[in-house]
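Peer 1: Listed below are the residues making up each chain.
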Amino acid sequence: MSVTQVFEYKSNEKSYHQVVDDVNHLLDKAGVSMNERYPFVLAVSEALTNAIIHGNKKNPEKSVKLTVTVNEKVMSADILDEGQGGLDRIRQRKPSTPKDEGGRGIDLIEHYATSVGYVQTPAGGLKVEIRIERKTNSVVEK
Amino acid sequence: MKITVKEEGATTVILLDGRLDLATGTNLKDEVKKLCDKGVKRLHLNLQKVEFINSSGLGAMVSVMKQVRLKKGRLTLSNLATYVREIFEITQLSHVFEIYETQQEALETSDKVTSE
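Read top to bottom, the protein sequences are chains A and B.
Read in order, the letters of the first sequence correspond to residues 15 to 156 in the working numbering.
Read in order, the letters of the second sequence correspond to residues 14 to 129 in the working numbering.
Worth flagging that the hints you see were computed from the coordinates, not collected in a lab.
Check before you lean on any hint, since a few could be wrong.
Simulated pairs of lysine to any residue, SDA-like, Cα-Cα distance not exceeding 25 Å [said to hold, decoys possible]:
1. B:K62 / A:K108
2. A:K28 / B:T17
3. B:K79 / A:R107
4. B:K62 / A:D42
5. A:K28 / B:V109
6. A:K108 / B:V109
7. B:K42 / A:D42
8. A:K24 / B:M14
9. B:K85 / A:V34
10. A:K141 / A:E22
11. B:K62 / A:N38
12. A:K113 / B:E21
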């Protein structure tokens with residue numbers, strides 16, 4: 015069974031919580047176990063936070079579109095912002111040090127994801143494509 | 014996120030309950046600042062009920078650690094769920110924070126350090 019859902023978030027603080035609720039709800043419907051879902055929820059949360067802060071610059075007029083697909087083999091999410099120059103930001107980022115208060119989001123996404131893609135759209139927004147292969151092909155009881 | 018502060022001997026314990034992210038991390042930083050301003054030097058964060066933490070939540074923890082150390086204080090952590098511990102290790106913050114399995118263990122160690 016494959017489940018796909020599209021969400022849209024305003025660039026505000028409420029969205030940081032809402033995305034975790036929404037993705038958890040979708041994973042509930044898809045029967046993904048609590049143990050298996052954490053890396054995916056974390057990766058989506060990190061990408062959405064980056065999209066709001068660095069992509070949309072917290073502009074309340076701009077939103078972030080999230081498309082989540084879950085099937086027996088993979089959990090995937092595309093996160094699209096309405097900013098400019100996101101790809102350059104990704105390319106030019108510096109590794110964080112333990113004393114830094116920020117800069118770990120992309121590292122965590124890349125650690126947990128089977129693959130991550132960064133695509134600059136013609137309109138200028140950045141689309142982050144996260145794929146995490148599932149450990150088992152069967153639905154695991156919670 | 015719910016933040017509960019209580020005294021355990023000479024240590025001030027903060028119990029965190031809920032999600033620690035960008036929005037709630039600010040509340041934690043504000044709470045710790047208030048405590049530091051009151052002169053609290055020994056602080057313990059019990060993360061047993063933290064159900065979700067992301068890099069913004071980690072950033073808040075780093076900020077808290079800096080605040081405590083600036084006041085020459087000591088910060089310990091305990092009761093990290095497996096996935097929370099894993100994130101601390103991936104980001105190498107496990108080398109920066111004093112992390113204990115249980116709150117009791119952290120408080121006992123804190124007492125020993127003080128009495129030496």
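Peer 1: Now tell me if each hint is right for this structure.
Peer 2: Now the hints, each set against the structure:
Simply put, B:K62 and A:K108 have alpha-carbon atoms about 33 Å apart, too far for the 25 Å limit, and the pair is violated. A threshold of 25 Å between alpha carbons decides the hint, and for A:K28 with B:T17 the separation of about 22 Å falls inside it, so the pair holds. Between the alpha carbons of B:K79 and A:R107 the distance comes to roughly 23 Å, so the proposed pair stays at or under 25 Å and holds. Of the pairs offered as hints, the one joining B:K62 and A:D42 holds, with about 21 Å between alpha carbons and a cut-off of 25 Å not exceeded.
About 31 Å separates the Cα atoms of A:K28 and B:V109, which puts this hinted pair outside 25 Å; it is violated. In summary, the hint linking A:K108 to B:V109 is supported, as the alpha carbons are separated by about 20 Å, within the 25 Å threshold. Restraint check for B:K42 and A:D42: not satisfied, since their Cα atoms lie roughly 32 Å apart, outside the 25 Å limit. Distance restraint check for A:K24 and B:M14: the Cα-Cα separation of roughly 21 Å lies within the 25 Å cut-off, and the hinted pair is therefore satisfied.
Pair hint B:K85 plus A:V34 does not hold up; C-alpha atoms about 36 Å apart against a cutoff of 25 Å. Of the pairs offered as hints, the one joining A:K141 and A:E22 holds, with about 14 Å between alpha carbons and a cut-off of 25 Å not exceeded. For the suggested pair B:K62 and A:N38, the alpha carbons sit about 18 Å apart, so the restraint of at most 25 Å is met. Among the hinted pairs, A:K113 with B:E21 is inconsistent with the structure: their alpha-carbon atoms are about 28 Å apart, more than 25 Å.
The structure fails hints 1, 5, 7, 9 and 12 (numbered hints given earlier, in ascending order).
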